[in-house]
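Number of protein chains: 2
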Amino acid sequence: MTHGPDLAQIASDLESLEETIIARLIDRAQFRRNRAAYLPGESGFTGEGELSLFALRLRYQEEMDACFGRFCVPEERPFNHDLPEPKRRVTLLESCLNIADYDRVNVSGPIRASYLELVPAICREGDDAQYGSSVEHDVYAIQAISRRIHYGAMYVAESKYVGDPAGFQAAVDAGDTDRLLALLTRPEVERRILRRVVEKTDALQAPAKTNTRHIIDPAVIRRYYEGHVIPLTKTGEVRYLMNRGM
Amino acid sequence: MTHGPDLAQIASDLESLEETIIARLIDRAQFRRNRAAYLPGESGFTGEGELSLFALRLRYQEEMDACFGRFCVPEERPFNHDLPEPKRRVTLLESCLNIADYDRVNVSGPIRASYLELVPAICREGDDAQYGSSVEHDVYAIQAISRRIHYGAMYVAESKYVGDPAGFQAAVDAGDTDRLLALLTRPEVERRILRRVVEKTDALQAPAKTNTRHIIDPAVIRRYYEGHVIPLTKTGEVRYLMNRGM
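If you're matching them up, the sequences are chains L and F in order. Take the first sequence: its position 156, counting from 1, is numbered 156 in my numbering, and each next residue is one higher. Take the second sequence: its position 133, counting from 1, is numbered 133 in my numbering, and each next residue is one higher.
Just so you know, these hints were derived from the structure itself, not from any lab. This one's a predicted model, so the numbers in the text were calculated from it and none came from an experiment. Please note that a few of the clues may not be correct.
[To be verified] One side only, chain L facing chain F, incomplete, derived with CB under 10 Å:
#1 Ala23
#2 Gln30
#3 Gly47
#4 Val73
#5 Lys87
#6 Cys96
#7 Ile122
#8 Glu125
#9 Asp128
#10 Ala208
[To be verified] Straight-line alpha carbon distances no greater than 25 Å define the calculated DMTMM-like cross-link-like pairs of lysine to aspartate or glutamate that follow:
#11 L/Lys209 x F/Glu226
#12 F/Lys209 x L/Glu48
#13 F/Lys209 x L/Asp6
#14 F/Lys87 x L/Glu190
#15 F/Lys209 x L/Glu190
#16 F/Lys87 x L/Glu63
#17 F/Lys87 x F/Glu76
#18 L/Lys209 x L/Asp127
#19 L/Lys209 x F/Asp13
All residues carry an ideal CB built from backbone N, CA and C; glycine is no exception.
Could you build all of it, start to finish, from the sequences and the hints given here?
Okay, here's the thing in structure tokens:
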């Protein structure tokens, strides 16, 4: 991905992440809802107390990712706290961002909550005992969603700010987050995104035979984008702008 | 997945894994070849000596997966040795397999070698410094490929054996692996698989804009299936049959 403040390039990068998110959700939907995998204290792990299998998988994954330096990247914001330091030298791409602490933009709490509501909407009800595979795919999906939201929150906000610094700075200085939201909102862009995720969900499932693969209703993905991905991106954009400046 | 010896269901499960493999390879191909990520001793990790970043990521991933019980599943054969014991109780689906040690079928060595040859064929040449993301996607892709090959090796072999126990057992007793290969080979099924992976590679890339996403040549996926996935599945089938019986 390019990290310049070029809005067209950023929009194009965000668009590219849509395929990844939808593909991950389709993978998860091949397993049943598997409610037990989300119940606290039901992980089956010895000595892990109140965490669900989902929560444990997300924690183990992020501990590994932290060793590899994932969270040095601005748009990779973790769901967990107290992760290990990177064990390797990480070469970062040059970034146009102007924020000292990326975690000021972190909206992973609401992302996690919204994802857990999405699972029953994309999966068939019931239990197929494949808890390990289910939470593995959950983690890949939720990481892709989080990357998209935080990438948009930071890079879109920066590029819009650069396009109208006086207007944005006035709203920031006044602490007027409603005004910031209004400045950030582009209804025609949002409508285009919603149309596109429906088309992509259909297209990515076109090769699937329904007797083999469980098919996700594209309207569910549309609602998830409309109700969560787009609003949380804007929440992150506002946070970015309110904390902008090194 | 159903684990009964029903060849139609097994073929359908294998077909479903094709989308996952192709989607993973498309994800990897969004990054450059990034040769440095595969060089021994160049991982940038402190204290990990001669391992490449790719080898390290695969090791860390499998250590995590082992804790979650992944390798209790027959078709999930690891690439690494000396992995930790599962930390959770794993509920396994009933299996129709007749083999005491699943690792007798393990062909992960040649899978790994073939995958490392595939990377330069699907990625653009060059270096984008995104080594962490590259090896992350490598590991997801190679795990999906391995699952497909080992699933086919065990379940297809068992179902074919059950369809002609006398014929297969005679070849096993004679140690005649050429005869086993001949009994296992279905040229028309192989041709259908190769046609299908080309169609799916096209279909899964249809929603992508070429200025955003790097497009994989479907012929590369076809060649990989023809040269590696199908032959390694048959190698695994022969190993399964030669080691069949509890």
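Taking the hints in turn, this is what the structure says about them:
{"no.": "1", "hint": "Ala23", "result": "holds, 5 Å"}
{"no.": "2", "hint": "Gln30", "result": "holds, 7 Å"}
{"no.": "3", "hint": "Gly47", "result": "holds, 8 Å"}
{"no.": "4", "hint": "Val73", "result": "holds, 8 Å"}
{"no.": "5", "hint": "Lys87", "result": "holds, 5 Å"}
{"no.": "6", "hint": "Cys96", "result": "violated, 16 Å"}
{"no.": "7", "hint": "Ile122", "result": "violated, 16 Å"}
{"no.": "8", "hint": "Glu125", "result": "violated, 19 Å"}
{"no.": "9", "hint": "Asp128", "result": "holds, 8 Å"}
{"no.": "10", "hint": "Ala208", "result": "holds, 6 Å"}
{"no.": "11", "hint": "L/Lys209 x F/Glu226", "result": "holds, 22 Å"}
{"no.": "12", "hint": "F/Lys209 x L/Glu48", "result": "violated, 45 Å"}
{"no.": "13", "hint": "F/Lys209 x L/Asp6", "result": "holds, 18 Å"}
{"no.": "14", "hint": "F/Lys87 x L/Glu190", "result": "violated, 44 Å"}
{"no.": "15", "hint": "F/Lys209 x L/Glu190", "result": "holds, 18 Å"}
{"no.": "16", "hint": "F/Lys87 x L/Glu63", "result": "holds, 16 Å"}
{"no.": "17", "hint": "F/Lys87 x F/Glu76", "result": "holds, 17 Å"}
{"no.": "18", "hint": "L/Lys209 x L/Asp127", "result": "holds, 22 Å"}
{"no.": "19", "hint": "L/Lys209 x F/Asp13", "result": "holds, 11 Å"}
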